[in-house]
Amino acid sequence: MISVRNLSKHYGTTIAVNDITFDVQKGEILGFLGPNGAGKTTTMKILTCYMPPTAGTVTVEGKDVMDSSLEVRSQIGYLPEQNPLYLDMDVVDYLHFAAELRGVPKEQIKARTKKMVELCGLKDVFSRPIGQLSKGFRQRVGLAQAMIHDPQILILDEPTSGLDPNQIVEIRHLIQELGRQKTVILSTHILSEVQATCNRAIIINQGKIVADGSLEQLQAAFHGMERITMEIKAPKDGCIDKLRAIQHVQKASETSTSGDLKRFVLETEKGQDLREQIYDLCVREGWKLLELYRERTTLEDVFRQLTKVETN
Amino acid sequence: MKNVLTIYFKEMKSYFNSPVAYIFITVFLLFTGWFFSSNFFLQGQASVWGALTVIPLILVFFIPAITMRSVAEEKKSGTIELLVTMPTRDMEIILGKFFAALTLLVIALLFTLTYVITASSLGNLDTGPTFCGYIGLVLMGSTYLAVGLFASSLTENQIIAYIIGWAIVFVFFMLDKVLMFAPGPLVSSLEYLSTEYHFNSLARGVIDTRDVIYYLSMTTFALILAGRALESRKW
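As you go down the protein sequences, you meet chains A and B in turn. Note that the numbering used here gives residue 203 to position 203 of the first sequence, counting from 1, and the numbers run on in steps of one. Numbers given in the numbering used here equal positions in the second sequence, counted from 1, plus 1000.
If you're looking for bench data, these hints aren't it; they were derived computationally from the structure. Note that the structure is predicted; figures quoted are calculated from it, not measured. Errors might be hidden in some of the hints.
From the derived model, a few chain B residues whose C-beta atoms are all more than 10 Å from chain A [claimed, not checked]:
(1) Ser1014
(2) Val1054
(3) Phe1062
(4) Glu1081
(5) Leu1083
(6) Thr1085
(7) Pro1087
(8) Gly1128
(9) Ile1163
(10) Val1171
(11) Met1174
(12) Tyr1197
(13) Asn1200
Below, a list of computed lysine-lysine pairs in the DSBU-like style, where the Cα atoms sit at most 35 Å apart [claimed, not checked]:
(14) A:Lys63 <-> B:Lys1075
(15) A:Lys115 <-> B:Lys1076
(16) A:Lys63 <-> B:Lys1076
(17) B:Lys1177 <-> A:Lys135
(18) B:Lys1002 <-> A:Lys114
C-beta atoms are modelled at their ideal positions from N, C-alpha and C, and glycine is treated no differently.
Chain B extracted, bound-state conformation (with noise of 0.2 Å):
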């Protein structure tokens, strides 16, 4: 746990003393920004439903790009031969990053409060919806974070972390999204394994413990895969 806590803090140094952050959560609120003030005073109403809707999406593309260096990154340098070599678990390692990286991404939702602020000034903000919205954000970002790490620490390219990332990433996002040209009875379990689907049913502002399971064991698993990829330089 200490490990995970060194490690933690060292990632969040490396973030926060490089540009990687502050271009992250610059280029993350334009993004955002733009899709809730574009439509925001034609609906009329107080909602961020714009924003937050688009979210998901914008996560896609953005967030394997916080990961793609964490261990590849690590790999080329040859820094990770020191990392694996102190008195440390190789899951403490991806714990301490991932943790690192899911701060980053919780401070650039943080920041995205301001439309939240600035719609509920302006009108009555249906508050459930947009509180259970940010909780799914941050569950489904964690499972995001978590696969991102898992490309990340297959390679030592950071290009190839990010694709791979990218890639993975985006076929859960469209699983919900292609179902017309699956079969019949595979329908409900595509749907499942969608990370949209249980993002939407949270936005609704119903936190249903289906879906809280579906993307922390989604994430879990993603991190152990992330752990067990870090340990194929011994198998």
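So here's chain A without its partners, still in its complex pose (with noise of 0.2 Å):
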């Protein structure tokens, strides 16, 4: 659907995006993952429209972004980063003037309207100008006005930015609904966002794709290390020099202590499954063990080891 082939976006000196290459299939949630700076919004800025590339060419459907600009505009909605709105409109003109602009037809403006504004929930806010709303109402008008043509690609540069959790729940739950039968691409650099909402993810760095691929795969192909929290109630100091001295543990810390209650996080080699020692060495010490569990490797570190190898 979307084919973006050795993209790359200089300014100036500096070179935002270094020649990206990949596709987007329909109905594909796809998250773009980087540190700030890494060519996310660029990237993004070039699908859209906004900006020439450099270098490169990206087609939506086999249009051309720059050759058949008004055609492949047409096809997206757009919510772009910081959200801009006209703050002097009230949130029904602002509604009704991009549904105009995206080529909504006139008899269907009203109805499409009021769909975004029952799916976007802004029924409270409907004629109020748009500089009075809270910044979580503002980006569900951004929302809407980015949805109300039914485009089939959508482009959302952090959405759910400034958002409370609720909200940012309710927002996840609306992306990938929309996500079945749409393309949808985020971008973020909150993790959790992309665990939540996206079947694939992309992670770029210095403007280069450093891992591309569904999060199992990308879970899978970068190990780290394990990690074992756990809690015990002993009596005793020195639990500490006791852990260490198992087999394979490679870091431990004392994250928390009040009165008996200690809580220790344990670093281990890969592959290791320590639970079973821990749990003997409990027994044998006549600590109480309240609470251990075993970290997989998340996205998180995925991300960390890709963008900070980079940057050394």
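Fit chain to chain and form the complex, with the hints in mind.
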């Protein structure tokens, strides 16, 4: 559906995007991950025909973003970074305005606006000026504006920034719903967002793609170490030395202590499951084991590993 | 064309939903009203000449103030990114904004018709020059507006937009007043480029196609420049 070939963008001497290539299929929710300044926004600006690439091509359903810009733009719904809005307009006027410009037929504008108001929960603020709305509502207005013409492709630059946790859950839910029939590309630097909404992630760092694949693929490909978190009740000090003595433990640290309650995080070598040994140790020492769990490689680890290696 | 209208109505709403339009019209009428009435009764003539000939100068200062916001504000707030990623041409955006600003100017000029009505009720007003003078004002106003829009699309700072717009308009306004310093062979072409020279010719009561063509081509040229300036993100 979208295919990006050898895309590069230079701003003067700085290289924002450096020769990236990827495809996005219909029905995919693609998460664009990367540290600040990695080139996520720049890539999105090129996809939405805001600026031309320095080199390379982007085609949407076989149409080039530069040559058939108008046709491509009419298929895309875009929520830019910072969610710019006309603060002096009422929500309803703004949605009508967006619908007209995005080419919704006149007789459908009312119905589409109503649908968006329902979908994005804008009923209470329908006729208020956008400037008076809270950030969460503004974000919803931005999303409504991007979806009003029922586009095939949604490009969302940090769609959940500035929302409270409840709203974040709602918006993610909304994106997942949409992703069933549409193509969604969203950028974020919040990893849990990708885990919660996307079925594929591209990690980009310093303008280059460093990883591309489904979440499972990424986690499988980049094993980190494993981490064990435990909480015990033990009257004596010096537990930590005994934990360190267990084979394959690379690092142990006490994260909190309150009276007899002690909490430890152990990092172990790859592929070693030390839970049994820990249990045995506790039994031997007479510690009361209150909590014990193992964390596998998270996307966060993958992300940190990939973006750190590149910067060093 | 449809997009031009959509943008036009949005701009009109934002002029009239904010104090911009009202302040502009009020202050504009205060100035022109003063110039109309201050020597109207001294002259003892039913004429709006006093107001009509000073409006070009007033417009030099007022029009960049109408247009300074148009594009600069959108650049500053980032809404321009939304606007240009919608399926509209850059030129449609410029035209929508231009016609909205032109409408505001025409409304302000319509209010000055009260001077015309006052004058004609007191004596025999020379309708030909007055009518042509108004046409001249609208044409000249269009040119100023187009230049102002161009200035506004160069920057995201409204004050810079105002100053650039004013400076360009002022140079064209002054051209026929500094002819004595110009080298001989250049005089006639400089005079032709001057905005007020053509206005004076229209205000004499003759609609000369040369003057109309001058204003229309200046306006078109400035609008194209404004469109190019908006496109400059792609360079």
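If any of the earlier hints don't hold here, list their numbers in rising order.
-> Violated hints (numbers, rising): 1, 4, 5, 6, 7 and 17; every other hint is consistent with the structure.
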